[in-house]
Amino acid sequence: MTVENQTISVLSELLHKFGTCMQELQHNRAAVIAEHNKYRLCQVEKFWWKGNATFLQQLLSKEQAEAQRLLAQLRNTEEEQEAVVVELRGTVDKLRAQLLEKSAALVETEQDYQSAIGAAEVSNDRAQAAEALAAVERQAARSAREEAATAIAQLKEQHAHQQAALEASLRAEFEQVALEQAAEAQQRQAAAVAAEQAAAAAAAAALQAADEARAAALEARLRQEADTKLEEQRSQLAAGCAATLTEAASDAAEHARALTATLAAQQASAAAAAAAELQAARVDMAAVCERSLQEQRSAEAERELQLVSDTATARAAAAAAERASQQSVAMAEEARREQGVCEARAAAADAAYQEQAAGMAGELKRVEAQAGEWRAKYVKMVGRVNDALSHAQRERLQELMAAVHVTTHAMNAAAATASA
1 MTVENQTISV LSELLHKFGT CMQELQHNRA AVIAEHNKYR LCQVEKFWWK GNATFLQQLL
61 SKEQAEAQRL LAQLRNTEEE QEAVVVELRG TVDKLRAQLL EKSAALVETE QDYQSAIGAA
121 EVSNDRAQAA EALAAVERQA ARSAREEAAT AIAQLKEQHA HQQAALEASL RAEFEQVALE
181 QAAEAQQRQA AAVAAEQAAA AAAAAALQAA DEARAAALEA RLRQEADTKL EEQRSQLAAG
241 CAATLTEAAS DAAEHARALT ATLAAQQASA AAAAAAELQA ARVDMAAVCE RSLQEQRSAE
301 AERELQLVSD TATARAAAAA AERASQQSVA MAEEARREQG VCEARAAAAD AAYQEQAAGM
361 AGELKRVEAQ AGEWRAKYVK MVGRVNDALS HAQRERLQEL MAAVHVTTHA MNAAAATASA
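The numbering used here puts the first residue of the sequence shown at 1, with every later residue one more than the last.
Some hints here could point you the wrong way.
To be verified - Straight-line C-alpha distance at most 25 Å; calculated PhoX-like pairs for lysine-lysine:
no., residue 1, residue 2
1, LYS102, LYS365
2, LYS38, LYS365
3, LYS17, LYS94
4, LYS62, LYS365
5, LYS62, LYS38
Think of the hints as simulated: they come from the structure by calculation, not from any bench.
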């Protein structure tokens, strides 16, 4: 009954571990869903200011598809775990029924053994048979205890080595997968950053070229207008000066002729006075022309300064566009980094689940091996008792051993099915 109790306790412990794994899996599912929702909210908050509705819709659809895929994967994993738990419970029920049958057979064997002891006590060699049976029982119990202790120590050591090797291999695989995922993420991030930088540079170059072309066209148009207006003003001033000079010359000639007719004596002084007036008129007209040219030049300089200011404003706008592109690139990098963190957490949860499943399979194998060892010890003990029994009792014991062998074979098959 000790082997059956141990088997039942181990199976109960395995069921408890399966329940714990299911709870952890549900907790991990809730954590993954919370992280995913948090990541999606962060993405929406970060990219909302850009006003790119198409990009936001694509991002949301992609994240929803990823969330649905993760939920479907978790749901499939839960269904598989529930199916395994149901199968293990059925296996435990079958093993419990078989153990009850085996216990009844062992009780019957013990009754036969007691009847054999009673028959031996009735015979003349009653004392010798009792001593022999007691010695056999003591020897069998001692050897069984020693072998059980040795087997348990060996199994514990083997299980520890196997668990350490499995943990090392799983850790190495997980590190390799993490490194590969990090390398792929870095490559994708570098490619995306390079593409965005190239696009930003092309946009900035196009904007700068357009601004320069626009500035050059504006400058050429302003220069042409300024030259046209200056030429018109020069022609108007020249015509006015010529007309004024012509009028002054005619007035002077008429005044000279009148003075010549009336005052011949004062001809020299009148001619000098007329020449002085004509020179003063010429100086005044030259001053007026110079002032007009200076005003035209100052207006042209102001236009050139305004053109330079417009060019500087266009360049500042290009720089602001480039800074905005850099900020968008930084935000895209941060979003990719957070997505990598979520994927790493999901991979860690999956690896933990795989490790727990492997540990449970090892426990099942260990229980199966221990049951086989106990079965061998029981066969050995029954063989020793068989040596001290009569022929009829041996035949009865062989029949019981055959029944026990069939039951044990069925138990091993059920354990193999559960482990598979």
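Consistency of the hints with the structure:
For the proposed pair LYS102 and LYS365, the alpha carbon gap of about 22 Å is at most 25 Å, so the pair holds. Taking the CA atoms of LYS38 and LYS365, the gap is near 42 Å; set against the 25 Å cutoff, the hint is violated. Only pairs whose Cα atoms come within 25 Å are accepted, and LYS17 paired with LYS94 is accepted, the gap being roughly 20 Å. Note on LYS62 and LYS365: the hinted pairing is violated, with a Cα-Cα distance of about 43 Å set against a maximum of 25 Å.
Restraint check for LYS62 and LYS38: the C-alpha separation of about 15 Å stays at or below 25 Å, so the hint holds.
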